[in-house]
Amino acid sequence: MLLETLDLRKNDVLIYSQNMFNFNDSFKIIYKNEKIKSPKRISYFDVCAFVKDPSPKNLIVYRLLTNVNSLDAYSTKYGYFIQINGKIELIYFDPIFAIKDLRHLRFDLNPSEFRFKIQQVGLTSLTKKETEPNFAEVYSFDLKAVEAQNQNDKIYADAIFAFDDSFIEEESNTPKVSQDADEIKMRTIQDRNPKVEAIADVQKIAEDKNIIKQDLTTPKPPEAANVQGLREEIIDLLKQALGIPQIEQQMQNGALHHGGIASSNIVDDKQNSDLSSSMQEPANNLFDLFKTTDKSDKLSERERKSVILKFD
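Following the working numbering, the numbering of the sequence shown begins with -14 at its first residue and continues without gaps.
What the hints contain is simulated information worked out from the structure, not anything from laboratory work.
Even for Gly, the Cβ is constructed at its ideal location relative to N, Cα and C.
There is no bait here: all hints are sound.
No more than 20 Å apart at the CA atoms, straight line, and that leaves these computed lysine to any residue pairs for SDA-like: (1) K295 / Q188; (2) K72 / T112; (3) K295 / D186; (4) K139 / N9; (5) K22 / I140; (6) K129 / R100; (7) K290 / Q199; (8) K72 / P39; (9) K129 / A191; (10) K62 / E208; (11) K189 / R100; (12) K205 / Y59; (13) K129 / K290; (14) K62 / G214; (15) K129 / R289; (16) K129 / L201; (17) K129 / T202; (18) K290 / N195; (19) K22 / Q3; (20) K62 / E218; (21) K37 / G71; (22) K22 / D10; (23) K113 / P39; (24) K20 / E154; (25) K25 / M5; (26) K189 / T51; (27) K37 / T112; (28) K62 / D221.
FRET-style restraints, in silico, Cβ to Cβ: (29) D297 / S55: 25 to 35 Å; (30) P179 / S55: 12 to 22 Å; (31) R91 / I21: 43 to 53 Å; (32) K20 / D93: 51 to 61 Å; (33) S151 / R91: 43 to 53 Å; (34) N18 / N95: 45 to 55 Å.
Assemble the whole structure, with the sequences as input and the hints as a guide.
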């Protein structure tokens, strides 16, 4: 995921994640107005608070679609509910969270017949002021198998700050996660789906080349009135599983305040390869990276392409 606050004047931030199933180490925050900028660790739960806050922002998140009719999103453990064009939808901060969530989502389907998509979705806040943000969808496209496995949205932060002399890259002594760092702790969460327990592995994803067309749908969300309570319940359950004390969330450096909104276009599809190296001039924010006509054309082509995934 990538989150960029807009026009908060003194406290604009950029948050990115690195597609690791880790609630403490995967997410980093950069305070854009600091004299010396550098990524700092931020927890999954603080990220949720940033997403929920109604201040204007841009978001890159991930959507799960499956061939299961009326898949119950109420049973999610690693997803998050937001409003997109006025409707509640289940989204994920990283593809790996969507894959891990399949162990908990309630459905009855033979794993060999299970098909799904993971879409990258670009969102921007609508101008209407509400108690929670309402996002407009700017783009979405299907991830290829290799992208779902290796997606790392740090590439966007690297591109934005590539020409910023005040930006200092984090030290490279952070250990690379070779396995799910929080997996053992998360096993205490109930409602696991035994049918997909053995196959819900991000490294086992493959593209199904044999299907010409198949209708896939998003999980059915709960009623809007139940969303707030359900989100709190999910967060409390995760904290209990991780052994995190029940303390009030505090936003760092007072970064969440209401501000103006900016608008522009999103995204290119060369995400984890040559995005930052292709930039010829500095970018002030996320959308500045993707304004050129050639990138817009590539995005349109990418949005039309359907990629259906399966588990090997």
